[in-house]
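Engineer: Read off the chains here:
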Amino acid sequence: MKAEENTMQPDQMSATTSAASTTAQAVPAVSLIEDQERAELERTWSDEPGLWGWLRSVDHKSIGKRYIVTAFVFFVLGGLLALLMRLQLARPENTLLGPDLYNQIFTMHGTTMMFLFAIPVMEAMGIYLVPLMVGTRNIAFPRLAAFSYWIYLFGGITLYVFFFLNIGPDTGWFSYVPLAGPEFSPGKRVDIWSQLINFTEIAALAASIELIVTVFKLRAPGMSINRIPLFVWAMLVMSFMVVFAMPAVMTSSLFLTLDRLVGMHFFNPAEGGDPLLWQHLFWFFGHPEVYIIFIPALGFVSSIIQTFTRRPNFGYTALVLSMIAIGFIGFGLWVHHMFATGLPQLGESFFTAATMMIAIPSGVQIFCWIATLWSGRPQFKTPLLFVLGFFFIFVLGGLSGVMQASVPVNLQVHDTFFVVAHFHYVLIGGAVFPLFGAFYYWFPKMTGRMLGERLGRWNFALLFVGFNLTFFPMHQLGLQGMPRRVYTYLPGTGWGKLNLIATAGGVVMTLGIALFIVNVLWSRKRGRVAGDNPWGADTLEWGTSSPPPSYNFEHLPVVQGREALWARTDDAPVVTGLKTDCRDVLLTKTFDAEPDNTMTLPSPSIWPIGVAFSAAVAFIGSCFTPWAVVWGAIPAFISLVGWGWPKPKDEKCDLTPVDEWSEEERRKEASRAQ
Amino acid sequence: MSARGRRPRHHALACPAFVFYALATAGCTGSQSILNPAGPNAGNVSRLWWLMFYVCAGVFLLVIAFLTAALVRTPRKTNKLAHAPDTEPDARRERRMRGVVTGAVVSTVIILFVFLVASFITSRSLYALADPNNLRIKVNGQQWWWQVEYENDVASQTFRTANEIHIPVGQTVTLRLTSSDVIHSFWVPNLAGKRDLIPGHETTLWLRADTPGTYRGQCAEYCGLQHAHMAFVVVAEPAEQFNAWMEAQRRPAVAPVSAEQQRGQQVFLASPCIMCHTIRGTDAGASVAPDLTHLASRQTIAAGMLPNTRGHLGGWISNPQELKPGNRMPPNPLSPEDLQALLSYLESLK
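Residue numbers (my numbering), protein chains in the order written: chain A, 1 to 674; chain B, 1 to 350.
The hints are simulated quantities; they were obtained by calculation from the structure and are not laboratory data.
A few of these clues could be false.
A few chain B residues that don't get close to chain A, going by computed Cβ distances all over 10 Å [claimed, not checked]:
no., residue
1, A289
2, N308
3, L339
Chain B stretches covered by chain A per the calculated footprint, using a threshold of three residues with CB under 8 Å from any CB of chain A [what the hints assert, rightly or not]:
no., stretch
4, 57 to 68
5, 102 to 113
6, 177 to 188
In this text, a Cβ means the ideal position worked out from N, Cα and C, and glycines have one as well.
Extracted from the complex, chain A is given alone in its bound form (with noise of 0.2 Å):
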């Protein structure tokens, strides 16, 4: 695992001698050579200007980003209808929503949070850091991830517009058959609901195979398996979970767009369909889902704990195989949402002991973590303060979690508002608490600038008090026997306190977001000037200049220790001879790390838009015609044969096939070999 520096150098050097020769002398030629080189690597990897270039954009830092903005609004979009609803709950039977739009409200919610915002906000912080933290200068197949950010853009507009043209689902985020079905769901807003879910899976299972390769392949000459951050690993965890989990939810949502578009009957009891079949596909990939938003925020947990505890995580890799574990069996839980279909008695003893089983590398994360903070010096920064209240929030849902794993209680709980307290703890408490920890976090890489401290601090307070007034009151009211899902409840329920309490919290909640937007907007312009590295902090994105460039790295970084930057020395070697006139990036060996080939990303295109732009026109058609599967292929076969269209043989970033290299390449690279 030594990273010994003169394997560090692919032999490729023509760009960088070639300038140096003809520099001027009187100037220190160094600098210079320094300053042609970065403006070289600007002209190569920059976007070009105007609305054109940020079309064909491949660069991963502005999709990221914009993949976040978007993922932000349907978060706020989502969390306005969430205030709707709990403004129709504060009171016994309120009259502000009727039944049929509240019933449109809560898929929509669920459908956003779930769809909109948790997954593709965690694939859009992957896309904007990994690539950054594991110190290369783009993402593995720059233009999937483009492609990746407008068809989920796409089906976030197509969804909304039809929400505003009263043709929003109404069956909820789950869709179970035959409610779901063409006989009790006539018209049109399950069909939109079933091709949104084509949409953005797509979408996150083109950010997960970057994702993947990106780990595997471009690392940092050092960074061997041993040594990659936390949150890279989070990530790594979460797309192969993605690449596994997706394909079932996609199965389910075909055979239902089948059921209704073709009249086919794999959901209908009446002609040899199941509906439980639909439940186990749905819930196999649903399960799985609730750790894919979950593990990207143990990332964020283990770099906010780091950098601010000035210590290394205690555990790394008791944290490692616990994120795994938690990835493996998190797809052996799916049953547990099922409890209630009346199961064989073994089914559930089996599905029981799994789910409880989970609590365990969940523990192992916790407490090595509060082992951190324990020998570390915590600086309370907002970061980390979004990270305490993770703590707090989080365990408790876990432990209501647990509660859930056995049958008997389940059975009492399931489909109440104590369910409903228990997954926006672990969800907000397990994925948003840390998210937003991240945005404090990061924000000054991305722009530059630090969010102001104050204002972090009120963000988090009343976030923090909203939340609890909002959901803590639910475990009650599930106790007291109140399902989800309801548009209403009679007076005589006695549910009517609580349930002000809750909708109080939900608007403490709002203005807590508020405060964070207000923030965002002051700080970007006028925030204080963040330097490369503003928290001390360990990982490599901190290495290079905030913005970082277009090109991520003057020089691709080698990795000395776990920690990149705190082991680095100030001799430490960069990797040289990359081409600067071409986008080159370096492949290193996916253990070890070591140097293995070069390879050339592709440039800006403006195919990835065509595609996701065909393939939405073809899913919106589908909704109403099969055929609209016929016509719409040609369009995105056009695209899609102009995406992979070959470039002229003659340019320069083209790589030579090994059979036609020259005598003098041949010589250099027989000459590294050895």
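Could you slot chain B onto chain A? The hints should help.
Structural biologist: Frame of chain A; chain B shown alone:
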């Protein structure tokens, strides 16, 4: 910046307040509450729940206590972010912490194992209520009401009612659950956990009430527009009272006595009511809507939504869509005289 931010740690101290709040209010009473069990099924579950609650509350307090201790033990003076990172933590302390963390993980495993065993024991106790000699009741969920059928080996002894289930105190009953449209879930918190009603499947639930009383239940699986108003009541009464009720329910409807009631019956039979409803002993025999043979004996109308009074019944018949938008019953524009007659007739159906 750092001088201003000195007071961030107190939020963790708020946690005991939450737990006290939970302890103070969780033991509530109510006719639709998990924690006020009236029979062995719900009773065993609530015992398991309390075991888990106290253990989990203890674990939570412990974790938060450790977290708080970890945060306050560092002397504040060293708090400067520029502080050089401690890249080589003290090896002896690390070893000690490894021991503590391992201990915590082992305790977690032990606690989980206790929960697992307790849960299995409780599960078995629920299945132990199964007995072929139990009274059998078939419940069919429909958007958005409950059809209840008391089964009997003698066909003529079988009868149907809706949204109200009477059971004898101290006797276990077997509920056979199914649905004729979408998935619903049968849930009476005071008596038992839920069981889904799934089209094409039949599920079973056993329950027993040991305390007489009226317990409210509600559909717990989202089933469309009026999921919120798909409730019912379970009336647990002493055996002789229950048997009397059952005898009464088996009989066909009483014939109208007064002239107004007779007119009411004519209104009923001449209107679209008979397209959906049954009144045994008359020509009305459709079964897509609740059986009205003994409507006046029931406590509620519209699936537990409204008390069964003349005023509510009148409002409901005139325009059910206003009270429960989207339900399957159409508005019935009757003249005031016809409506009053119809109400008198329906009120006589004891």
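Engineer: All hints, please: hold or fail.
Structural biologist: Evaluation of the provided hints:
1. A289: 17 Å, holds
2. N308: About 14 Å separates N308(B) from the closest Cβ of chain A, which puts it past 10 Å; holds.
3. L339: Since the minimum Cβ distance to chain A is about 25 Å, L339(B) lies beyond 10 Å and the statement holds.
4. 57 to 68: This one holds; 6 residues, not fewer than the three required, reach chain A with a Cβ under 8 Å.
5. 102 to 113: holds (count 5)
6. 177 to 188: Since three or more residues must qualify, the claim that chain A covers the stretch 177 to 188 of chain B holds, with 5 doing so at under 8 Å.
Consistency note: the structure conflicts with none of the earlier hints.
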